[in-house]
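**Student:** Sequence order for the protein chains is A and B. Residues -10 to 380 (my numbering) make up the first sequence, in order. Residues -10 to 380 (my numbering) make up the second sequence, in order.
FYI, nobody ran anything at the bench for these hints, they're computed from the structure. Because the structure is a prediction, the values reported are computed rather than measured. Yeah, the Cβ is synthetic: ideal placement off N, Cα and C, and Gly gets one too. There could be a bad hint or two in this list.
As the list claims (entries may be wrong) - Some chain B residues judged to face chain A by a derived CB distance under 10 Å, without partners named:
| no. | residue |
| --- | --- |
| 1 | 9 |
| 2 | 13 |
| 3 | 36 |
| 4 | 44 |
| 5 | 131 |
| 6 | 133 |
| 7 | 134 |
| 8 | 135 |
| 9 | 142 |
| 10 | 146 |
| 11 | 151 |
| 12 | 246 |
| 13 | 250 |
| 14 | 327 |
| 15 | 329 |
What the hints assert, rightly or not - Covered stretches of chain A, as calculated for chain B (at least 3 residues, CB under 8 Å):
| no. | segment |
| --- | --- |
| 16 | 7 to 15 |
| 17 | 27 to 33 |
| 18 | 38 to 44 |
| 19 | 57 to 67 |
| 20 | 104 to 112 |
| 21 | 129 to 143 |
Stated by the list, open to error - Here are a few chain B residues that sit away from chain A, every Cβ distance over 12 Å (derived from the structure):
| no. | residue |
| --- | --- |
| 22 | 96 |
| 23 | 191 |
| 24 | 192 |
| 25 | 332 |
Number of protein chains: 2
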Amino acid sequence: MNSGGGGPVALPGGHPGGLGIGLGSRIRKSPYFEALVAHGLTHLTVYNHMYMPGSFGDPDAEYEALVERVSLWDVACERQVEVVGPDAFRLVQYVSARDMAGCAVGRARYAPMCDHSGVLINDPIVMCLAEDRYWISIADSDVLLWCQAVAAERGLACRVFEPDVSPLAVQGPRADDVVADLLGEWVRDLPFFGFVEASLDGIPFVLCRSGWSGQGGFELFLTDGARGVDLWERVWAAGEPYGIHPGGPTLNERIESDLFSYRADCGALATPLEVGLARFLSLDRDDDFIGKAALLAERERGPARRLVKVLLSGARLTATSEHPWPAWVPGDSGDSGGESCGEVRVAVWSPRHGSNMGLALVSSQVAGGPFVTVTPEGEELSATHLAFFGE
Amino acid sequence: MNSGGGGPVALPGGHPGGLGIGLGSRIRKSPYFEALVAHGLTHLTVYNHMYMPGSFGDPDAEYEALVERVSLWDVACERQVEVVGPDAFRLVQYVSARDMAGCAVGRARYAPMCDHSGVLINDPIVMCLAEDRYWISIADSDVLLWCQAVAAERGLACRVFEPDVSPLAVQGPRADDVVADLLGEWVRDLPFFGFVEASLDGIPFVLCRSGWSGQGGFELFLTDGARGVDLWERVWAAGEPYGIHPGGPTLNERIESDLFSYRADCGALATPLEVGLARFLSLDRDDDFIGKAALLAERERGPARRLVKVLLSGARLTATSEHPWPAWVPGDSGDSGGESCGEVRVAVWSPRHGSNMGLALVSSQVAGGPFVTVTPEGEELSATHLAFFGE
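All chains should be modelled from the sequences, with the hints used to inform the complete structure.
**Tutor:** Quick look at the structure:
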């Protein structure tokens, strides 16, 4: 997931004050929406046809709270696709490029999903609620429709629908303390990607050790949309002694922590092998799954592009920097000629690296080397290879 | 389609100045984006994972230009699903609840699309480019993925992909004059939902007499994303003598003109029979199509809810009004008790009616009568039945 930027936008032409967002019924508010506004929400984006908090006005403070204390995020837009019935496992296994066999009840796996040609169409975590019941906790595409089509056309005996489930994330080094104060010391023993049913003052949720940051914490999968503000305020109150701050998925932290953002990092036409998700695929499993043949062939010939993490030169980028930017390998003459090699998908200041950094999707031939990019303001920046994403 | 409101938002708690939108790579800009900014864009929304113009700062002026002169809209977010190959017609016919047989090359049909349980999942126009080639011009859901799954799982011989096509709409009573000045008098003879290939200074597009208003006009389906600003500026220049204004899908005009907005008017769980699209379905055709059995059963028993157009009491609503709002039938005592009957999905001032109006999705039992609703500010409004939507 990706906050879609955050902060006012430095638009070409110097549009003052950034652009507003129009609200309407086409896009849903989350059960936490009123709490967001009460806590100073300034910027929104849209994710899975829902409003998602982009910023509360101070991206630096949001980053700091996340890596030093604890942060509270409305991630209700991480919708669930529920699959239930005798063939639930068959469907989940067939649509997942990762082997889901052996995933125990109460455990989740990160399982990229590809279309029949091996193109990545989502990168959910799949939660096994029972042997015949799963939640596919999705990134930003309507794989609900896609899973429904596959199930129906194959005649599988399962229901596929969106349940009333709205995750709220508590992330950061003090997240365990906050949730332990709320629910008890037992929560500290919950393993990564382990989950249990829980409740608080009658507010029902599934508590999972997960979340889209590298700082640790939990997601509370609220199962009663009428109780969103109640849950937010209970967690907020428990977090105040620990300096809790409202936030959302955080662009620089998630790149520092090697967390992939479907669409932001790749558009809608990349393969999981291109974007560094190979270790989450089970290409050698015996059973068939959607995209298997295409992915095996791609592994054989090697991916055409690679997603790389780079350091970028230049003065500190602001939260208002827009992307993507073009990328090219300079010509021998050193001038701005040279060959286009892809694009910088995201670029942002990294406190951890004390430098600008970026994620670039570039031709495999040049993915290990330096290249050049240019900001919307026309400044040419040099990009230094830091790592292949996910390696 | 729906602009998602537009204008600054009166949020609960009186958030000043409305909410900003964060820009980032996860959501695409259209080929016209720079032109929008140059022409004073103030508000955006998101549609099909693209930014879409919400307002240029004066909704009244935008309405007036549309109904009295001519308006220019970036509707690139109306993406195309291209289906090409020997089985292209078989796929298009199987996924459309409307019979596509007999649709000639160069003609389009509005063809609602349902899932296997008869729930509306999109309401595209389907354009026949050749006997083996179609564009499905979609509303806001990823039916690209859904169509790909259906084609692959049925083993149909066709490619299903998103081409480089970005519609630009010229709408309003002077739209014909503008487009005739650009391309020639012949455009006046193009029939409704008829289209032809055209070009302007080497900018290639498909010209179709269509658009999401009741004011007449064209959509120019640009087929080279690098030429967006060029095309915008050419049309703009031709429109200046006619008082052209930048705009976008216009909430009050489209309701006055009985144009349905998928999601805005119904959420994601309504049937085409509930929302007044029965006349666009071909339920009695001989061949099977997705959702047919469910829709036939629903027609037999009658839809549970109906979408109705209502007049709403109270002072003029502003463009900042948020919805949906709850709807209920007052109890016998006339107090605010009574029975919940659904919701007002959209509510807006109607210049044509000189009154507030709304679209409400309510229980069939009470859909012909009056009911009551309440604004976020707590004002109770009475709703008077005007028409069943689409009848």
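**Student:** Does each hint fit the structure? Answer for all of them.
**Tutor:** Tested hints:
Restraint check, residue 9 of chain B versus chain A: the minimum CB separation of about 4 Å is within 10 Å; hint holds. Among the interface hints, the one on residue 13 of chain B holds; its C-beta lies about 4 Å from the nearest C-beta in chain A, closer than the 10 Å criterion. The beta carbon of residue 36 of chain B is positioned within 10 Å of a beta carbon in chain A (closest approach about 8 Å), and the interface hint is therefore held. Checking residue 44 of chain B against chain A: minimum C-beta separation of about 6 Å stays under 10 Å; hint holds.
Annotation: residue 131 of chain B was flagged as interfacial toward chain A, and the flag holds, the nearest CB pair being 4 Å apart, inside 10 Å. Interface hint status for residue 133 of chain B: upheld, as the beta-carbon distance to the closest one in chain A is roughly 9 Å, under 10 Å. A hinted interface residue such as residue 134 of chain B counts as satisfied when its beta carbon comes closer than 10 Å to some beta carbon of chain A; here the least separation is about 4 Å, so the hint holds. Hint status for residue 135 of chain B: holds, given a least beta-carbon distance of 4 Å to chain A, under 10 Å.
Given hint, residue 142 of chain B at the interface with chain A, holds; its Cβ is 4 Å from that chain's nearest Cβ, closer than 10 Å. With 10 Å as the threshold, the beta carbon of residue 146 of chain B stays out of range of chain A, its nearest partner Cβ sitting at about 13 Å, so the hint is violated. The beta carbon of residue 151 of chain B comes within 8 Å of a beta carbon in chain A, closer than 10 Å, and the hint placing it at the interface holds. The criterion of a C-beta within 10 Å of any C-beta in chain A is not met by residue 246 of chain B, whose closest approach is roughly 18 Å, and the hint is violated.
Among the interface hints, the one on residue 250 of chain B holds; its C-beta lies about 7 Å from the nearest C-beta in chain A, closer than the 10 Å criterion. Hint status for residue 327 of chain B relative to chain A: violated, with the closest Cβ pair at about 20 Å, above 10 Å. The interface hint given for residue 329 of chain B is broken, as the beta carbon of that residue sits about 13 Å from the closest beta carbon of chain A, more than 10 Å. Interface restraint, the segment 7 to 15 of chain A with chain B: holds (9 residues with C-beta to C-beta distance below 8 Å; minimum three).
Under the rule that three or more residues need a Cβ within less than 8 Å of chain B, the assignment of the segment 27 to 33 of chain A holds, with 5 such residues. With a threshold of 8 Å between beta carbons, the proposed coverage of the segment 38 to 44 of chain A by chain B holds, since 3 of its residues qualify and at least three are required. Figure legend: the segment 57 to 67 of chain A, annotated as covered by chain B; annotation inconsistent (0 residues with Cβ-Cβ distances under 8 Å, at least 3 required). Residues of the segment 104 to 112 of chain A lying with their CB closer than 8 Å to a CB of chain B number 3, which satisfies the three-residue condition for coverage.
Only residues whose C-beta sits within less than 8 Å of a C-beta in chain B count toward coverage, and the segment 129 to 143 of chain A has 12 of them, enough to reach three; the restraint holds. Every Cβ of chain A is farther than 12 Å from the Cβ of residue 96 of chain B; the closest lies at roughly 27 Å, confirming the non-interface assignment. Listed as outside the interface, residue 191 of chain B is consistent with that label: its C-beta sits roughly 22 Å from the nearest C-beta of chain A, beyond the 12 Å cut-off. Residue 192 of chain B, annotated as away from the interface, keeps every beta carbon of chain A farther than 12 Å; the closest lies near 21 Å.
The non-interface label for residue 332 of chain B is inconsistent with chain A: the shortest C-beta to C-beta separation is roughly 9 Å, within 12 Å.
When the structure is compared with the earlier hints, violations turn up for hints 10, 12, 14, 15, 19 and 25 and for no others.
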